[in-house]
Amino acid sequence: MIIEAGHYALVLALALSIVQASVPIYGYWRRQSVLMDMAQSTALMQFVMIALAFAALTYAHIVSDFSLRNVVENSHSTKPMIYKISGVWGNHEGSMLLWVLILSLFGAMLAVFSRQMTQSLKSLTLSIQAWISAAFLLFILITSNPFERIGMPPMEGQDLNPILQDPGLAIHPPLLYLGYVGFSVTFSFAAAALISGRIDPAWARFVRPWTLLAWIFLTLGIAMGSYWAYYTLGWGGFWFWDPVENASLMPWLAGTGLLHSAVVMEKRDALKIWTIFLAILAFSLSLLGTFLVRSGVLTSVHAFASDPERGVFILLILVFFIGGSLTLFAFRASKLRQGGLFAPISREGALILNNLLLTTSCATVFVGTLYPLFLEALTGEKISVGPPFFNLTFVPIFIPIFFLMPIGQLLAWKRGDLLAAAQRMTAALVIAIGFGLGLAAWHGEPALAALGAALAGYLILGSFVDIFGRIFVSKASAAQVWARASGLPLSAWGTAFAHAGVGLSLLGLAATGWGVEKIVSVRLGDTMDLGPWRLALTKIEPRPNSNFDALVAQIQILDGNTAVAQIEPARRLFKTRAMTTSEAGIATLRMGQVYVTIAEQNADQSLDMRLYWKPYVSLIWLGGLVMALGGFLCLADRRLRIGLGKRAATKIKAHSDPDPQSMAAAQ
Amino acid sequence: MSRKGRRLFFIGLILSVFGLALGMILFALRGSVSLFLTPTELAERQLNAGARLRLGGLVKEGSVVKLGPQSITFVITDGTKDVGVSYKGIIPDLFREGQGVVAEGLLTSPSASGVSQLRADSVLAKHDENYMPREIAESLKKQGVWQGGSPPSSPTSPPRP
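Line by line, the protein sequences give chains A and B.
Positions in the first sequence are counted from 1; adding 1 to them yields our numbering.
Positions in the second sequence are counted from 1; adding 271 to them yields our numbering.
Certain hints may be false.
Claimed, not checked - Interface residues of chain B toward chain A, partial, derived using beta-carbon atoms under 7 Å:
{"no.": "1", "residue": "Phe280"}
{"no.": "2", "residue": "Ile285"}
{"no.": "3", "residue": "Ser287"}
{"no.": "4", "residue": "Val288"}
{"no.": "5", "residue": "Ala292"}
{"no.": "6", "residue": "Val304"}
{"no.": "7", "residue": "Phe307"}
{"no.": "8", "residue": "Ser357"}
{"no.": "9", "residue": "Leu377"}
What the hints assert, rightly or not - Derived PhoX-like pairs (lysine-lysine); straight-line CA-CA distance at most 20 Å:
{"no.": "10", "chain 1": "B", "residue 1": "Lys352", "chain 2": "A", "residue 2": "Lys519"}
{"no.": "11", "chain 1": "B", "residue 1": "Lys331", "chain 2": "B", "residue 2": "Lys352"}
{"no.": "12", "chain 1": "B", "residue 1": "Lys331", "chain 2": "B", "residue 2": "Lys359"}
{"no.": "13", "chain 1": "A", "residue 1": "Lys80", "chain 2": "A", "residue 2": "Lys576"}
{"no.": "14", "chain 1": "A", "residue 1": "Lys415", "chain 2": "A", "residue 2": "Lys268"}
{"no.": "15", "chain 1": "A", "residue 1": "Lys519", "chain 2": "B", "residue 2": "Lys359"}
{"no.": "16", "chain 1": "A", "residue 1": "Lys415", "chain 2": "B", "residue 2": "Lys337"}
{"no.": "17", "chain 1": "B", "residue 1": "Lys359", "chain 2": "B", "residue 2": "Lys337"}
Hints were generated in silico from the structure; no laboratory data involved.
Just so you know, even glycine gets a beta-carbon here, dropped at the ideal spot from N, CA and C.
Bound conformation, chain B alone (with noise of 0.2 Å):
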């Protein structure tokens, strides 16, 4: 092969396989990422019903049913929109009615109709007595539904530094 050759070798090669990660990077930001959205924004939106997001705000009080040995329903509330989840699976150690939680699952109907449920597949409560996740507590705190300490000065040490 010649100098030339060679030297368009190596750059058709590098630009190709740019160009097709490229192409997947952007394949998979539509379709495979998830929203992070508490239930008033959910009710703002136009969402199908079989979109994937994260619903995070507080378990309303007695809303927690318990169906089975490992499946509940609850309700998520800001405090001024309420939405439905199903749940299937073991309840995280520190799920409480009234603390902070975000679950992530598929929307079982459309969000435009009001009465939104979530089919979530995992289930994250807060990890201590202060800690809530830095998005909800934002938007609770805008809302004026949470007085708390002030959870993102003290946030939970990781499971690994």
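Just chain A, same shape as in the assembly (with noise of 0.2 Å):
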């Protein structure tokens, strides 16, 4: 009954989105407020639709329900509650759901959040969204509908793939989500400035909040990606340039340009065009990212289903949108009144390059994932395009971009001074230089290990040279510097931190250089050395557990000779799929991790380990929290707050209003 409650739930909410998507665009075109209206209100129920939908199927998970399929394919009645809850998006049919409920879950945000909104732009912004919910449940309900009964009810589930069950399941794909499909929301932005013909600054302010959540959730969906992948394929690497991790880094690279372009078009408006293009990029490059991985077509340990009936639906869905946007671009660009030139030196200037070198690495990573493809299509060859691919293109085109970061923080709208920026910077270049000397005399070779920490170092301090200038003048005591730090709007902290992050990020790849790997075969009681730790192998024992028997090895980490951590890699056979998976030991040390993975026993009682340690390894990620962090800060600034657009219409009209009263409006 739940089931079915749910199952006729989400078709009420692909009628609600129908309605959605063409009553108000009516509405706005005969000029009719009561009919555009009823964006606001559908979107809303379409949400509690949805919401109703998953729960019900979450429910089915809870209870083992075996009557259906989606839950006898990916589920068993002993699998841990944690993954028979995460195992509802584990599988194609659970994350479109998911996938469908983030997007109804911005829509309704995107009606409760705008009544600053011009009423036009409110209910063309919500249609477009709808728009797409409409396109994605037809998708579920045609091709992957998760209600799907099966005739004879097995007594037990084929449980979840054994990789699948860790806690990361339960937080990337949402936190990934969040990021994908927040873009749809600066998409449908865009398309309603196209439709209505109007853009000016206010629009900019308007979806600048929006861009920077979407992003704040890619960065961090993308950074615990990459530390699922880390410690769960068990080669203690990062970043394979898979595409699938392309197709998430794509629309990342893209919303990073969007958030600068809209800077730009919010204070000077100019870029207007260009920030629309982007704005249908990264949404665009979203919705490529799902069809990569939705459709099957590729041949990737990340590719879920193969069949053909959904990649065709999702090449539909992805023409119909990305295609309907380019020309209603096209037609109506062109209408947009353009802003001016400005000076190529100058913040403006600055931030029109980092468009252009973002926008150019994603079109690298974009022939890396999809030239294969179309080579494949083509002429039938297949060619894997791996990471040499991508240092020889995306990596020359990133580091411009190091370098610049900070330069530009430093340089003032309209003119900018180039010189005295450097000036400025010389005090940062100097400290990292060292910083990267003193690492090469620790540390040792390579080079090039070493110069990637300088140029981290550089990027690190540079990114607070412009707050250490504003706060720190001469003669000022504590209390004054402490005053006017908190007195700096908190975008100019933003700022400053999610450009550190990626100073943090870049440290932790450039130590990846002085890292320790070794194969061995130990016997219980061997120590073995890894950099500058000692490693004791103290037990080897097998521990059942409810749905998987595991052998662990339990080591000892020394240094000299004080214990001062204890992992314990295993493997697991679970018994259901009948399949191994290997569980990394990861002890951090130091910033860096020791980081060890055991193979099968042999048959004199040895075990073979691959033991690696890798100094400063987790900044990779904690840079990643950190740019997270600064758009955290920008998100927080008041000037920015997604009910601007009132208060800034209320000072114009009344310029004497007093500011705690507009703050309160604002809020």
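Work from the hints to combine the two standalone chains into their complex.
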């Protein structure tokens, strides 16, 4: 009964989305505000319906209702509860349902937080949003219905793929989808602007928080996914240039560009057409990612389903939205009033360069990801484009970005002084070089790692040069400095932290050059040297569990003769699928990690192990967190709050408006 | 700078960045991609020693020889042709004789010589009982070597969705 109710709610959501997609647009066309207002209520109801459907599916997974095909194929009664819940989206149908749930969540948030927007912009944006959800609800109901019953319910399910039985599954897909789908809002904003032909700095101010929100979640999602791959796949890599990873990187690059170009639009009323284009591009790349992952077109460790029906359906959705929006763009973009040109050496000039480099790097990832697919479709030749390709294309484009990031922050709007900016960077540069040399003296070869570390140091310090200059003035007391620091807008801090986060990640990446890797065969009681540590194998024992049997090796990590940590790498044999997985044993020490995986036990009782010492590796993901923190700080800046438009409007109307009151209006 | 000068500056900048990127892409596509081949396809091609490729097929029954704790040799077959592979490193969890495997590495002798050898730097085995890389399943089915269920319909789930 609950299942049928969920199924019905999903169908209702489709009906609502079709109403939401058509009625407000008609209302806009006929200037009927009652019809336009329907967008809000339908958006809210649609979210409620999809949430009900999602709850019904979750319920089926929790109680192990094996009359549902989806549950049979992906669950097992002995599976721990957390994986019963996260297993809801650990499969194709469920994850598509999560996708539309998040889509409708954004629609509902847009409906709630859009009071300050003009009615036409609001209703058009929500309408476009509903087009997207209608398309995906149709996709779910026609090709991937999670509520499909099975004729003869089996007694037991086939269990969830063991690799997915990990807390990472509970966090990573929702975060990533919040990012992917978040760009649907900016897409809808862009399409609405094109339809209405009206676009102004206020538009950019509305779009910015949504872009930031999507960007923050995408950043966290990518960082989380990278860490998950790092500890589950057992070979210590954190980025494989796998098409599915690239699929999340491309919208991130386009979204990062959008974030910066929206600033130019807001401050200088320029780069409008480009900003609209980037908004379309970011979501188009998200759709492309969904297509790549969901259609099974890739032969990658990631590919879920290879049902051609699904692939063709998503391809149609892709073509419809990308083609439709670009057509709209082609016809309407010329109607938008263009802003002026500006000086090459200025904040906006630097931001243009940032956009140019980001989109170019995005293009190289695009080519590297799709070229093999096209080649195979056209000639039947199968190639794989791996890290060497991206090292030769993506990396050289990103190095100038690293160099220019802190300098761009120091340039003034309209007319910047490059020489003065460079002078202010001197101190940071000198310290960074010293830092790189120090690390090189300590860790030795390779020189490339030291160079990368110096660049990272420059980036981290350079990110704060601007703030430093604004806080510390000569002869200021500590209290004055504190007052200045807390008086700075949060977005200034946010920018600095986000940029410094990039530097931290880069430092972690550079330090991989100093890593140590060993393959050894050891017996109980043996010790091995690994970088600055000594590892002792103290125990090998079998450990049965509810749905798998594990073979656990206990290893003590010693610094000299004192034990500093203990790790337990293991191999797990999952009974239902007769599949083994390897659990790495990881200990974080001085921001680096000792990482050990074990192989099957040999006949002579020795154990083959792979040992890694990865200095500073945790900075890679910590940098991602810091980037997201920077994003949150920018989002919390009250000048950028979602309700800002109204405040700006009232201020223009009544100049005497006292500040506290307008602040209250903004909240 | 005049208005015209600024415009020229930005256009020049955009063109030069795109041009450079295009050049790098073309250069990288020539040298750093690896072909995916089956042993039969490898034998038909003229590849020099040192060429990088991904070789897919089945691990031939009785061919796995353990040389040391982490060093093995085995033969990849597609029923028609065989290619010897040497590999040093931890052997994947599901590496078994008679099962699907993809080895990536460098060719140690020219493919035309007929006795190809691959020095693999990575070996990927199938991920569960039914899974086989799509390319292998296709080419093996074509040659009628491999009879199994329908691998494409039940591939492994990914490590990350």
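Results of checking the hints against the structure:
1. A cut of 7 Å between beta carbons decides the hint on Phe280 (chain B): the least distance to chain A is about 5 Å, and the hint holds.
2. Proximity of Ile285 (chain B) to chain A holds as hinted, the smallest CB-CB distance being about 6 Å (cut-off 7 Å).
3. Given hint, Ser287 (chain B) at the interface with chain A, is violated; its Cβ is 10 Å from that chain's nearest Cβ, farther than 7 Å.
4. With a cut of 7 Å, the hint placing Val288 (chain B) at the interface with chain A holds, because the nearest CB-to-CB distance is about 5 Å.
5. At about 5 Å, the closest approach between the beta carbon of Ala292 (chain B) and any beta carbon in chain A falls short of 7 Å, and the interface hint on this residue holds.
6. Taking 7 Å as the C-beta cut-off, the interface hint given for Val304 (chain B) holds, the closest approach to chain A being about 5 Å.
7. Restraint check, Phe307 (chain B) versus chain A: the minimum CB separation of about 4 Å is within 7 Å; hint holds.
8. For Ser357 (chain B), the shortest C-beta to C-beta distance to chain A is roughly 15 Å, which exceeds 7 Å, and the interface hint is violated.
9. Checking Leu377 (chain B) against chain A: minimum C-beta separation of about 13 Å lies over 7 Å; hint violated.
10. Pair hint Lys352 (chain B) plus Lys519 (chain A) does not hold up; C-alpha atoms about 35 Å apart against a cutoff of 20 Å.
11. Straight-line distance between C-alpha atoms of Lys331 (chain B) and Lys352 (chain B) comes to about 11 Å, which keeps the hinted pair within the 20 Å bound.
12. With a C-alpha separation of about 18 Å, the suggested pair Lys331 (chain B) and Lys359 (chain B) falls inside the 20 Å cut-off, and the hint holds.
13. Restraint check: the Cα-Cα separation between Lys80 (chain A) and Lys576 (chain A) comes to about 11 Å, which is no more than 20 Å; the hinted pair holds.
14. Under the criterion of a C-alpha separation no larger than 20 Å, the hint pairing Lys415 (chain A) with Lys268 (chain A) is consistent with the structure, at around 10 Å.
15. Of the supplied pair hints, the one linking Lys519 (chain A) and Lys359 (chain B) holds, its CA atoms being roughly 12 Å apart against a limit of 20 Å.
16. A threshold of 20 Å between alpha carbons decides the hint, and for Lys415 (chain A) with Lys337 (chain B) the separation of about 69 Å lies outside it, so the pair is violated.
17. In summary, the hint linking Lys359 (chain B) to Lys337 (chain B) is supported, as the alpha carbons are separated by about 10 Å, within the 20 Å threshold.
In the structure shown, a violation is registered for the earlier hints numbered 3, 8, 9, 10, 16, in ascending order.
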